[in-house]
Amino acid sequence: MDETVAEYIRRTVLKIPRDEIKPMLQKWGFLSEAQLQTINFHQLKDNISQDVVQLCEENSADIKQAAVLDIIYNHTYPNKRVWSVYQMNKTGEEMDFFDLTDFKKKIKRQLRSALKNVTITFREYEDNAIWIRIAWGTPYTKPNQYKTSYVVYHSQTPYVFISASMLKSNLPLLCQALVVASNYHDIREMELRSHSLNSLKDIVFKRYSQNFQTYYPKPLQERDVAPESDLRIIQENKNEKERIERVNREIFGDGPQPKLEFAQYKLETMFKSDPKRDVLDKKEPFRCLVKFSSPHLLESLKSLAPAGMADAPLSPLLTCIPQKARNYFKIREKKGLFPGSFVSP
Amino acid sequence: GAARTLPSIGRLSRGLLFGGAHGRVGLSPSSRLVPPAPPSQENIDSQKIAFLLRKQWTLYSVTPLYRFSDAHLRDYARLLSAFIAAEKQKGLAVEIGVELGIRVAISSLPDLRGSDRDQAAILVQLSSRSPATPKNSEEKIIWSGWFCSVSGDDFSENVPEDFTCLPLFLANGAESYTSIVGSWFQKTFDCCFRRLAISPLNLSWMAAMWTGCKVDKTASAMELVFSVPHLTQPLDISYAIHPEDAKALWDTVQKTPGEITQEEVDVFMDCLYSHFHRHFKIRLSATKLVKVSTAIASAHCDGIIKFLQSQYLTGVLMLLTELAISQIQ
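Here the protein sequences come in this chain order: A and B. If you read the first sequence in our numbering, its first letter stands for residue 1, the second for the next number, and so on. If you read the second sequence in our numbering, its first letter stands for residue 1, the second for the next number, and so on.
Don't take each hint at face value.
Unchecked claim - Simulated crosslink set (PhoX-like; lysine-lysine; CA at most 20 Å straight-line):
hint, chain 1, residue 1, chain 2, residue 2
1, B, Lys281, A, Lys241
2, B, Lys281, A, Lys272
3, A, Lys27, A, Lys90
4, A, Lys282, B, Lys88
5, B, Lys187, A, Lys266
6, B, Lys281, A, Lys291
7, A, Lys283, B, Lys281
8, B, Lys48, A, Lys266
Hints listed in this document are in silico derivations from the structure and should not be mistaken for laboratory results.
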């Protein structure tokens, strides 16, 4: 067995959390159940991976099998990578019958004719998801197994999720190959990026709960109130709280939000101030870049108004993220009728 | 709203006037002098202080040092070196046997001060050789710390003879070394070190003051970072403004040449908050301002500073000295 393959398998196994190693090797299916029985999965991970490599040696593993293990790892832990979303377009209305074999053949042909040295691995999953792993080389160098790109294509949709990695120069080639192999005309990158692959899918496939027009008010918890406070203020506060909750529900929906980590806004709008203030009054845009980040951005934004830090409703610039399926925006001033509103190209 | 006063309301900032003359000027309590323009104030050799730039310095306030003399720096270095060696023996030091031996160097930086009335800055550096490097190779500086006072003469005037005022201390390197060096100074000169946090109010001042500074080359953006930690999911907001646009706004806000008032800072920040609110309906004033970054320096509320340009170094140090003095009193 090639030394580089052995090392690659060793490193891949090391990435897997200890309790998941055996199940993942079983999913992989390259080592027999009998072989797996011989491994002590309670020892140090270093030793486990050495044992695995030993067994792979016995079975003469090559890079193709190692690549499959890598896909399985990334399919199980997709959130370790950043995914971008691409949308393909075709002019005709018809849904062509999707031929998987033909698709795979065309991808391989497109990539290999340009680069010669690429490792291409496919794996199909339920819900029509095709995972493609590509290790890039050049006409003169072997593929670098540690600099890989992943593509997730749902064949019944025009959407492709790509985790590119450092070799940005290969991206146009990859996009071209996808378009050709899937019988589309072109492909464009959407302004939507996240670690959470499932959330991206939720957004573009509209699988998150959207606002409902009918709404059944839930009774709010009664709060203990200090007896000496003015009853009218209490009622006003309570009304306001209820209003905020209602508005939030209308905008964000009832269910869990798709998980995004950031949103970025490039603002090229005008600076408007209170005329009494006598400050900046330029005719050119006030250029800003605003970035929101959070482990769960949409949930975080949803809780701002109830916490008293934002108005309800929150700005449509923020609440439109799932519907517009983007988290990168460029905002310019809308000219004409409504000078206070914004345009997002 | 309630009048916001500076923590140093009794402390009036003195320093080099805009234009270079010395002298004292009566200022209203809630204002500070504009940091001096660079070309005419270039009395700092950029070469010598280059090592201070683009490094993260953790800030401390230090009470006056009893019977400290800058004529004995060599002796202090020797004593500190012995102290560090002893601490290491006790097993109280840092990394596992990486360094062969730690060499201590203490020197004076006469250029780092506001005026003759300030004590010259004192620099302490710890360097070492690792077992891996060959015997005659250069030593690597593993920790630096410096005491300084820029325009702190107002404070030092009121302090008895035997005391030396260097209220600001900046450290770069492992926390454990800071602790050891700090302990030695505390024991030897009967002083007290305290971490110097920077309040959102003072960060706003820095944002306003530094935005107004004229910078030669293409400046980096003026960035404000806000944190909203207590939500179900914490949120961080970075609000970066093109430096030319930020400066244009500040220039229309600042009315009195050579002087900045609290009101002007408030108006400036309010403008930025309003612009943000107009777009996002979020009230930044209800969040916590944790970091300010401009072309000349960046400051974090935990008391961490980074100097990015040598020209305005003194101006920044002047403000930091003032904050340190406030904390001591």
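Each hint, compared with the structure:
1. Restraint check for lysine 281 of chain B and lysine 241 of chain A: the C-alpha separation of about 17 Å stays at or below 20 Å, so the hint holds.
2. Distance hint between lysine 281 of chain B and lysine 272 of chain A is fulfilled; the C-alpha atoms sit about 15 Å from each other, no more than 20 Å.
3. Under the criterion of a C-alpha separation no larger than 20 Å, the hint pairing lysine 27 of chain A with lysine 90 of chain A is inconsistent with the structure, at around 37 Å.
4. Restraint check for lysine 282 of chain A and lysine 88 of chain B: not satisfied, since their Cα atoms lie roughly 62 Å apart, outside the 20 Å limit.
5. Restraint check for lysine 187 of chain B and lysine 266 of chain A: the C-alpha separation of about 53 Å exceeds 20 Å, so the hint is violated.
6. Restraint check: the Cα-Cα separation between lysine 281 of chain B and lysine 291 of chain A comes to about 15 Å, which is no more than 20 Å; the hinted pair holds.
7. Distance hint between lysine 283 of chain A and lysine 281 of chain B is unfulfilled; the C-alpha atoms sit about 23 Å from each other, more than 20 Å.
8. Our distance criterion of 20 Å between C-alpha atoms is broken by lysine 48 of chain B and lysine 266 of chain A, whose separation comes to about 40 Å.
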